[in-house]
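*Asks:* Okay, here's what each chain looks like letter by letter:
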Amino acid sequence: MRFRIFRYDPDKDEKPAMRDYDVALDPHDRMLLDALVRIKEQDDSLSLRRSCREGVCGSDAMNINGKNGLACITKLSDLKEPVELRPLPGLPVIRDLIVDMTQFFKQYHSIKPYLINEDPPPEKERLQSPEEREELDGLYECILCACCSTSCPSFWWNPDKFVGPAGLLQAYRFIADSRDQATAARLDDLEDPYRLFRCHTIMNCVDACPKNLNPTRAIGKIKELMVKRSV
Amino acid sequence: MAVAKRSFDAVVVGAGGAGLRAALQLSEAGLSVAVLSKVFPTRSHTVAAQGGIGAALGNMGEDSWLWHMYDTVKGSDWLGDQDAIEFMVREAPKLVYELEHFGMPFDRNENGTVYQRPFGGHSQNFGERPVQRSCCAADRTGHAMLHTLYQRNVRARTQFFVEWMALDLISDASGQVLGVTALEMETGEVMILHARATLFATGGAGRIFSSTTNAFICTGDGLGMAARAGIPLEDMEFWQFHPTGVAGAGVLITEGVRGEGGYLLNKAGERFMERYAPNLKDLASRDVVSRAMATEIKEGRGAGPHGDYLLLKLDHLGPEVIEKRLPGIREIAKKFADVDPVKDPIPVVPTVHYMMGGIPTNYRGEVVVPRGSDAEATVPGFYAAGECACASVHGANRLGTNSLTDLLVFGKAAADSIVRFLQENPERKDLPKDAAERTRARLARLDGQKNGESVAEVGMEIRRTMQAHCGVFRFPDMLAKGVKKIREIADRATRTQVKDKSRVFNTARIEALELDNLVDSARASMVSAEARKESRGAHDRADHQARDDANWLKHTLWYKDGDRLEYKPVHMKPLTARTIEPKVRTY
Numbered sequence: 019m020r021f022r023i024f025r026y027d028p029d030k031d032e033k034p035a036m037r038d039y040d041v042a043l044d045p046h047d048r049m050l051l052d053a054l055v056r057i058k059e060q061d062d063s064l065s066l067r068r069s070c071r072e073g074v075c076g077s078d079a080m081n082i083n084g085k086n087g088l089a090c091i092t093k094l095s096d097l098k099e100p101v102e103l104r105p106l107p108g109l110p111v112i113r114d115l116i117v118d119m120t121q122f123f124k125q126y127h128s129i130k131p132y133l134i135n136e137d138p139p140p141e142k143e144r145l146q147s148p149e150e151r152e153e154l155d156g157l158y159e160c161i162l163c164a165c166c167s168t169s170c171p172s173f174w175w176n177p178d179k180f181v182g183p184a185g186l187l188q189a190y191r192f193i194a195d196s197r198d199q200a201t202a203a204r205l206d207d208l209e210d211p212y213r214l215f216r217c218h219t220i221m222n223c224v225d226a227c228p229k230n231l232n233p234t235r236a237i238g239k240i241k242e243l244m245v246k247r248s249v
Numbered sequence: 016m017a018v019a020k021r022s023f024d025a026v027v028v029g030a031g032g033a034g035l036r037a038a039l040q041l042s043e044a045g046l047s048v049a050v051l052s053k054v055f056p057t058r059s060h061t062v063a064a065q066g067g068i069g070a071a072l073g074n075m076g077e078d079s080w081l082w083h084m085y086d087t088v089k090g091s092d093w094l095g096d097q098d099a100i101e102f103m104v105r106e107a108p109k110l111v112y113e114l115e116h117f118g119m120p121f122d123r124n125e126n127g128t129v130y131q132r133p134f135g136g137h138s139q140n141f142g143e144r145p146v147q148r149s150c151c152a153a154d155r156t157g158h159a160m161l162h163t164l165y166q167r168n169v170r171a172r173t174q175f176f177v178e179w180m181a182l183d184l185i186s187d188a189s190g191q192v193l194g195v196t197a198l199e200m201e202t203g204e205v206m207i208l209h210a211r212a213t214l215f216a217t218g219g220a221g222r223i224f225s226s227t228t229n230a231f232i233c234t235g236d237g238l239g240m241a242a243r244a245g246i247p248l249e250d251m252e253f254w255q256f257h258p259t260g261v262a263g264a265g266v267l268i269t270e271g272v273r274g275e276g277g278y279l280l281n282k283a284g285e286r287f288m289e290r291y292a293p294n295l296k297d298l299a300s301r302d303v304v305s306r307a308m309a310t311e312i313k314e315g316r317g318a319g320p321h322g323d324y325l326l327l328k329l330d331h332l333g334p335e336v337i338e339k340r341l342p343g344i345r346e347i348a349k350k351f352a353d354v355d356p357v358k359d360p361i362p363v364v365p366t367v368h369y370m371m372g373g374i375p376t377n378y379r380g381e382v383v384v385p386r387g388s389d390a391e392a393t394v395p396g397f398y399a400a401g402e403c404a405c406a407s408v409h410g411a412n413r414l415g416t417n418s419l420t421d422l423l424v425f426g427k428a429a430a431d432s433i434v435r436f437l438q439e440n441p442e443r444k445d446l447p448k449d450a451a452e453r454t455r456a457r458l459a460r461l462d463g464q465k466n467g468e469s470v471a472e473v474g475m476e477i478r479r480t481m482q483a484h485c486g487v488f489r490f491p492d493m494l495a496k497g498v499k500k501i502r503e504i505a506d507r508a509t510r511t512q513v514k515d516k517s518r519v520f521n522t523a524r525i526e527a528l529e530l531d532n533l534v535d536s537a538r539a540s541m542v543s544a545e546a547r548k549e550s551r552g553a554h555d556r557a558d559h560q561a562r563d564d565a566n567w568l569k570h571t572l573w574y575k576d577g578d579r580l581e582y583k584p585v586h587m588k589p590l591t592a593r594t595i596e597p598k599v600r601t602y
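Line order of the protein sequences matches chains Z and C.
Note that our numbering has the first sequence beginning at 19, numbered continuously upward.
Note that our numbering has the second sequence beginning at 16, numbered continuously upward.
None of these hints come from the bench; they were simulated from the model.
Any given hint might turn out to be false.
[What the hints assert, rightly or not] Beyond 12 Å from chain Z on every Cβ pair, some chain C residues (computed):
hint: 1; residue: ALA352
hint: 2; residue: LYS465
hint: 3; residue: LEU580
hint: 4; residue: MET587
[Stated by the list, open to error] Listed below are the simulated EDC-like cross-link pairs for lysine to aspartate or glutamate, each with C-alpha atoms no more than 20 Å apart in a straight line:
hint: 5; chain 1: C; residue 1: LYS516; chain 2: Z; residue 2: ASP47
hint: 6; chain 1: C; residue 1: LYS350; chain 2: Z; residue 2: ASP47
hint: 7; chain 1: C; residue 1: LYS465; chain 2: Z; residue 2: GLU59
hint: 8; chain 1: Z; residue 1: LYS58; chain 2: Z; residue 2: ASP47
None of these values were measured; they are calculated from a predicted model.
Where is the CB? At the ideal position from N, CA and C, for every residue including glycine.
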C-alpha cells in the first residue's frame, strides 16, 4: 500500500518534505496505525504518537487524506492511495506527525475543567437523577485528541484567544452538570468576542470528531443560556 | 555527559489512575511534586478500563466489605495478602464517593445513587449469588475516572512533566531512593530529578505478549528500573488473560457485557460456562473463564473457520440496554470485528490483560524487600502503587473492577505514606556522585552501537516467546525452553541499534529504552513461572494440576542478578477480620 507522509526533523532538515512509502501489509493489518507501525519497522525515524490503539486515548490524531482523524480507528480499506498523512493543521510541528499541543491544552485548562461545588461534600454520593446524568452524555466522552479544534478555521486564526470546540464542549460539560455551581461564572468567562463568539458554526468540528461528539451543539447551548440570562 | 538537576519533595512516575490520585494528595498537602509521564496524563492506559470500580456501596441490594474481601481472597486463589485486601475493600467506598464529589460522571439509579453492575467473581454472602458491586460510567469507567482525576489535579495546580520518560532509579549506598533520571522526549535532554520520596505508578508490562489488550506504552518501565536497581519483582508468573479480547485485534470487551447479561457460546451454540462454573457461570473469575474457553478451543468446539475463537452473545439485551450501558463496546465491535452486537455475537479469545505481580509493597504503598531476617524491610524513600506494584491484593488472579479500586486506594495510601515520611525525615540527602551513571552507560551503549539488531525484531521475539511458552496453559518443557530463549533474547537486547540519531522526539530511541524494561519483565515472568510447580489462579501447569498450599502458598521474589528466586510468606492475617482459610475454589 502506498503512503505519502509529511516528514520534518528540525535537527537535520531545513524544511519539511513529503516522503513516499510503499509497504507490504499483513492480512491482519486493519487500521492505519497498523500500517504506520510497519513503516516504522522499515524506517525507525518516522515519529508519531500512539498508545491505546483503540480510539480512547487520543494520541494518534493526524490529518489523513485531508481530514483529521485517529490512525488507530481509521480502516485502511476506506483510504484512497497514496494515503497522504500530515500533522494536525494549525499547531506548530515538533517533528513529522507530532505537533506541539501546548496551545490546545492551555485553552482546555482555561475553562476550569473541573467540577465546582463549594458545599461540604455529603458522607455518600451527591444525588443526581438518571435524566440529569444523561445531560452529560455526548460531552464527557471527549478524548482531547484535538481533531476538532485543529479543523476549525477560527481556532487556526486565533488559537490564543478562541477556546476552540474541544474546550467549549468541556465548558458545557460542567455547565450541564447538575452538581456544578459555577454556571454564572463560567458564562461570564466565555462572554467575550473571542473566547466563545469566534465560533461561526462552520461545523468542521462535528465532521472531524472521531467519537461522534457535537461541539457545535454544545456551543449553541452555551449561547442559548447567555441569551436566556440577559432577558 | 553533564546532567542538569532539579529537586522536589516528591517525584511521581506515571500519571494513570494511581499516579494522579497520589499526585492530588501530595499537591493538596502543599508539597513540591513533579509528575512524570511518557504521555499526556489522559492518554495513560487507565483510560481504557471499561467495566467499573469495585466497592461495596450496597446501592443495588445488600452488600458488605466482608463479602468483597472474601471474593477478592478467593479470586486471588489465596495468594493475596489478607491485610492489604481488607485495607482495600474497606477504603474503597470512601474513595468512590470522593471520586463522585470530584465530578466523576457515574451512571445513576432512579433514586440518584451511583448505579452498580454485576461483575465476575463478586458475590453476596460469601459466594452465594452474584452481587451488583461495580460502580460504572457506561463502559467508559476508566476514561471517566482518569479525566476526573486529571481535572482535579488541574484544580490543585499539580506540576506535570509531560512526555518525559523516567530511565533509572537513583539510590545511595545505604539503599535509600533519591529520585530518577529522566529523558525529555521533545529535546532528548536527560535530567536528574532529585527527590526526597519517589513513587512509581508506571503501570503494567502487557506488551511482553503478542496478544494483549494493553496499550503500546505498557512496557514495564517501573519494573525494569526497579530490577536494574536490585529491587526484586514479586509474583511475576501471574498474568491475567481476559476472557474477552476481540479475536485477532486484542482490543478489550468488558466483562460488564456478561455483567449486564451477555454470555459465551461455543460453535454448537452451547452456553459452555454452565459446565465449568454451574453457580456463577459466565461471571466466574477470569482465570476460570479463560481456561474454559481455551479448553473449548483446544477440544475443537471453537467457532469460526479455524475454530479459534468463541462467541459473546448480547443481542438479547436489546438495543436500549446496549446503547445505554455498553455503547463503547458496540463501537469497538463494529470497528474491530465488523459485527454489530445488537444483531450478532462478537468473536472473542482470552487475551493478556493484567499483571498481578510487580514491585513488592505493603498495604501502605511502601516498597519492601528482604533484608537480614526481615522479609519485608521498607526501602526508604521508595513507593509503588497500581499495576506496577504488588501489595498484593490480586494474588494469583485479579477480580474485574478491583484494578481501578487498587489505583485509587493505593495511590492515596502511598501518598499518605510519603507525607508522613517527609514529615519525619525533613532533611534532604545528597545525591551519590554516580547518580546518572547507569543511565549514561545505557545511552552511550545505544548511541555507539554498530552492526546491532533492530529493536522491533527483538521486541517481536519477546512477544512471540512469551505467548508460546507462557500462555493460559503452561507445560514444563515449554517453560524450560522459554527460560533459555528469554535469556538469549535478553542478551540480544544488549546489542540493539537505532538508526535515528535525532535529538528531537526520537521515538526509536524511546522504544529501545523501553525494550530494556520489556526484557526484564519477560525474564522475571518466565523464570518465576518455570519455578512454580503448582497450578494456582492464572498459573496453570500441565504437570502440577492442583494448587499446593503445603509447598507453594508463598510469594515469588525474582532478582535480576543471576535470575535468583526467593520466596516470602503470604499474609494470611487480615487487619481486623478473621482469616479466610484456604479451601477448594469453585464458582
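*Asks:* Against this structure, judge whether each hint is valid.
*Replies:* For each hint, the structure was consulted:
no.	hint	result
1	ALA352	10 Å, violated
2	LYS465	16 Å, holds
3	LEU580	33 Å, holds
4	MET587	33 Å, holds
5	C:LYS516 to Z:ASP47	28 Å, violated
6	C:LYS350 to Z:ASP47	13 Å, holds
7	C:LYS465 to Z:GLU59	18 Å, holds
8	Z:LYS58 to Z:ASP47	14 Å, holds
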